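Engineer: Sequence:
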Amino acid sequence: MSKKVQSVGVLDRLSSLPDHILCRVLSLLPTKDVVRTSIISLRWRYLYASSVSIIDFNDCLPHISVPSENDIIYFNDCLPQFPAPSENDNNFLDFVDRFFSINKQLSLECFRVNDFWVRMDDIQRDEGYLRLNGWICATLWCGVKEIDIRFIYEDVPALPTLLFTCQSLVTLKLIIRGNMKVPSNTCLPNLKTLHFTFSKFQDGYSVLRLISNCNVLENLEFIYCEFGNIRELNIHNLSLKRLVLDFCDLYIQSHRGFNVIEIDTPNLVYFKYVDAMVEGYTLSDMKSLESAHISITLLASVDYERATYLLKRICNVQSLFLAIEDYSSTLFLAPLDPMLAFKNLVELYFLNYDTDDQGTWIVKFLHCMPNLKTLKLSLEINSEGFRSLPTAVPLCLLFHIKEIKIIYFDGDEHTLEMISYFLKHASVLEKLVFTIIDPWEKEESTIIEKLLSLPKKSKKCEIVTP
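Going left to right, the sequence shown walks through residues 1 to 466 as full-length UniProt numbering numbers them.
Keep in mind that a hint or two might mislead.
[Said to hold, decoys possible] Simulated DEER-style distance windows between Cβ atoms: (1) D410 <-> L333: 20 to 30 Å; (2) F399 <-> A158: 57 to 67 Å; (3) W141 <-> P338: 40 to 50 Å.
Hints are computed from structural coordinates only; laboratory data are not their basis.
Note that this is a predicted model, so its numbers are computed, not measured.
All C-beta atoms, glycine included, are put in the ideal place defined by N, C-alpha and C.
Produce the complete structure using the sequences and hints provided.
Structural biologist: Here it is in structure tokens:
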């Protein structure tokens with residue numbers, strides 16, 4: 001019996017599988033592991049070539065940090081420095097060179113590449129980027145549909161012009177640190193997704209022309225990008241459904257950004273905007289807008305009207321993340337515009353920036369959203385606490401809000417007062433969820449006891465922690 005088991009153990013079951021199944025297995029492995037299988041036999045070498053639909057060099061990195069959708073971006077944190085390639089890595093690169101030179105009839109879906117392999121020495125560095133650009137061109141000639149390029153070193157050579165005239169590209173994601181040159185003549189007729197991160201565009205107008213020439217573009221992102229020689233950001237695209245303009249504190253620190261932002265995207269479904277207020281906005285009616293992420297900084301008293309205009313243009317949303325930092329101390333003290341109304345809004349996440357006026361303002365703001373069902377609050381309160389809460393109770397609190405989430409609650413009396421206000425008036429509330437900053441067992445139990453002792457209008461309301 002033991003001999004039988006031993007004989008079964010040495011069987012090469014993988015090689016007995018048909019080619020189409022082996023190709024499927026190989027397509028699920030990281031690129032570098034797939035390459036290693038080519039040494040098994042001649043059959044595996046040809047299988048590797050025929051199975052490749054995704055070439056991903058990013059899965060070969062020891063680590064790379066790329067900001068996610070809701071991350072606050074700190075420039076240097078996302079740019080780790082890697083050691084120079086080893087001799088084995090150079091052998092791998094030679095293999096890739098041969099692979100592209102031999103397999104010119106590939107049918108590629110996706111190509112992801114980075115400059116981890118580029119040495120710091122100037123001559124070798126330039127040669128390395130020429131090599132990478134050669135690979136990029138090779139995949140473009142193969143009709144690749146998605147390209148993801150991550151260059152972490154500064155002042156890299158220009159990308160191939162072919163990258164901006166490829167007929168097959170559907171997705172293009174570029175994380176380029178430093179100067180970025182977009183050719184004046186661009187044509188990407190099938191491009192649906194376009195992402196730029198950390199780029200400094202030498203000619204801002206060329207980027208805007210690129211956007212206008214992408215007639216089927218649906219997803220556009222600019223994250224921590226600088227636009228040279230333009231003071232007006234004009235984005236006109238009828239097919240666009242998702243737009244991210246995340247400048248973080250880039251223009252807040254320098255106090256120089258765009259004078260005007262003009263957005264004509266009537267079919268937009270998602271909009272994210274992170275920036276200091278500019279002098280003027282022109283936004284088309286966003287009647288299709290379902291979700292928005294707005295994080296704005298007011299630097300002067302005149303920014304109050306600009307912020308109000310911006311909020312009025314996104315009023316059709318169903319879900320809203322809102323963070324307002326008001327250095328001008330005007331927005332939260334001024335009366336709300338009576339025309340501001342979010343009739344479709346059912347979910348609100350409001351982030352408070354350590355200002356006592358915002359607590360009172362958010363309750364007033366709830367009057368603008370009569371159908372709200374979920375309220376999420378991240379409250380950072382200074383020593384003075386909130387001003388007096390208004391006596392007029394929002395309709396959404398009386399009749400519609402079913403869930404309230406309090407993020408980073410430390411049991412302070414001011415937040416407790418606001419929670420008490422909500423519990424007192426929320427007649428259909430089903431759940432109050434809170435997370436504690438320092439969840440020590442003793443402190444958590446004390447906070448829970450305080451919350452449980454508060455009177456509740458809704459008999460169905462549960463008080464829970466995640």
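Engineer: Now, for every hint given, state plainly whether the structure supports it.
Structural biologist: Against the structure, the hints come out as follows:
1. About 26 Å separates the C-beta atoms of D410 and L333, a value consistent with the hinted range of 20 to 30 Å.
2. About 59 Å separates the C-beta atoms of F399 and A158, a value consistent with the hinted range of 57 to 67 Å.
3. Distance hint check for W141 and P338: the Cβ-Cβ separation is about 60 Å, which falls outside the suggested range of 40 to 50 Å.
Hint compliance for this structure: hint 3 is the single one not met.
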